[in-house]
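Numbered by the numbering used here, the letters in the sequence shown go through residues 1 to 112 in order.
Simulated from the structure, these hints should not be mistaken for lab results.
Any given hint could turn out to be false.
In silico DSSO-like pairs for lysine-lysine, Cα to Cα no more than 27 Å straight-line [what the hints assert, rightly or not]: (1) Lys32 / Lys53; (2) Lys29 / Lys81; (3) Lys35 / Lys58; (4) Lys81 / Lys58; (5) Lys101 / Lys50; (6) Lys88 / Lys58; (7) Lys65 / Lys53; (8) Lys88 / Lys101; (9) Lys65 / Lys81; (10) Lys56 / Lys81; (11) Lys101 / Lys53; (12) Lys53 / Lys29; (13) Lys65 / Lys29; (14) Lys56 / Lys101; (15) Lys101 / Lys47.
Label pairs and their calculated CB-CB ranges [said to hold, decoys possible]: (16) Thr55 / Gly6: 28 to 38 Å; (17) Arg100 / Lys32: 34 to 44 Å; (18) Gly28 / Thr55: 16 to 26 Å; (19) Ala10 / Lys58: 30 to 40 Å; (20) Lys58 / Cys111: 33 to 43 Å; (21) Asn37 / Lys58: 22 to 32 Å.
Using N, Cα and C, we set each Cβ at its ideal position, and we do this for glycine too.
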Amino acid sequence: MINVRGSHQALLNLLSNQFYNQDIIIDGKSWKRDKLNPNIEHSIHLKIAKLEKGTKLKIIHTIVKQIESLGSLGILINYDKEEILVPKFIVSLNCGLLFRKLEPKHFHQLCS
1 MINVRGSHQA
11 LLNLLSNQFY
21 NQDIIIDGKS
31 WKRDKLNPNI
41 EHSIHLKIAK
51 LEKGTKLKII
61 HTIVKQIESL
71 GSLGILINYD
81 KEEILVPKFI
91 VSLNCGLLFR
101 KLEPKHFHQL
111 CS
């Protein structure tokens, strides 16, 4: 989830039952079970796996399936101090706007 306003308390309660707090990343930092300010936007990511070079494709496939089962719209990959966001659909990961056919004009369209 990227830049969504709210306390997200129900989501965080659910996630904390399934994941370690250090694997719940809120606004770029591991969650310390602090309550979130409901009046500002927050980004919530989950650290699902750390892959080493040479990881077998079958393991990667299993991890991607796990991510899909969580209802994620994309996968955030951290590699060599760089973040790469891979969307599952042709959708804005900032606001969730779904595109039927992606056109050049959409690259400068503001989220509503």
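Evaluated hints:
In summary, the hint linking Lys32 to Lys53 is not supported, as the alpha carbons are separated by about 30 Å, beyond the 27 Å threshold. For the given pair, Lys29 sits about 15 Å from Lys81 by alpha-carbon distance, which is consistent with the 27 Å threshold. At most 27 Å may separate the alpha-carbon atoms for a hinted pair to count; Lys35 and Lys58 exceed this at roughly 38 Å. At roughly 25 Å between alpha-carbon atoms, Lys81 and Lys58 fall within 27 Å of each other, so this suggested pair holds.
For the proposed pair Lys101 and Lys50, the alpha carbon gap of about 34 Å is over 27 Å, so the pair is violated. The suggested pairing of Lys88 with Lys58 holds, with an alpha-carbon distance near 19 Å, which does not exceed 27 Å. At most 27 Å may separate the alpha-carbon atoms for a hinted pair to count; Lys65 and Lys53 meet this at roughly 20 Å. Simply put, Lys88 and Lys101 have alpha-carbon atoms about 15 Å apart, close enough for the 27 Å limit, and the pair holds.
The straight-line distance between the Cα atoms of Lys65 and Lys81 is roughly 25 Å, inside the 27 Å bound, and the hint therefore holds. Simply put, Lys56 and Lys81 have alpha-carbon atoms about 22 Å apart, close enough for the 27 Å limit, and the pair holds. For the proposed pair Lys101 and Lys53, the alpha carbon gap of about 35 Å is over 27 Å, so the pair is violated. Proposed proximity of Lys53 and Lys29 is supported: the alpha carbons are some 25 Å apart, at most 27 Å.
Restraint check for Lys65 and Lys29: the C-alpha separation of about 25 Å stays at or below 27 Å, so the hint holds. Under the criterion of a C-alpha separation no larger than 27 Å, the hint pairing Lys56 with Lys101 is inconsistent with the structure, at around 34 Å. For the suggested pair Lys101 and Lys47, the alpha carbons sit about 31 Å apart, so the restraint of at most 27 Å is broken. Between Thr55 and Gly6 the beta carbons are some 35 Å apart, a value that agrees with the proposed interval 28 to 38 Å.
Range check, Arg100 to Lys32: about 41 Å between beta-carbon atoms, so the 34 to 44 Å window is met. Under the hint 16 to 26 Å, the C-beta atoms of Gly28 and Thr55, about 25 Å apart, fit the expected range. Our hint of 30 to 40 Å for Ala10 and Lys58 holds, since their Cβ atoms are close to 34 Å apart. Roughly 37 Å separates the CB atoms of Lys58 and Cys111, a value that falls within the hinted 33 to 43 Å.
Take Asn37 and Lys58: their Cβ atoms lie about 42 Å apart, and the range 22 to 32 Å is violated.
Consistency note: the structure conflicts with the earlier hints numbered 1, 3, 5, 11, 14, 15 and 21.
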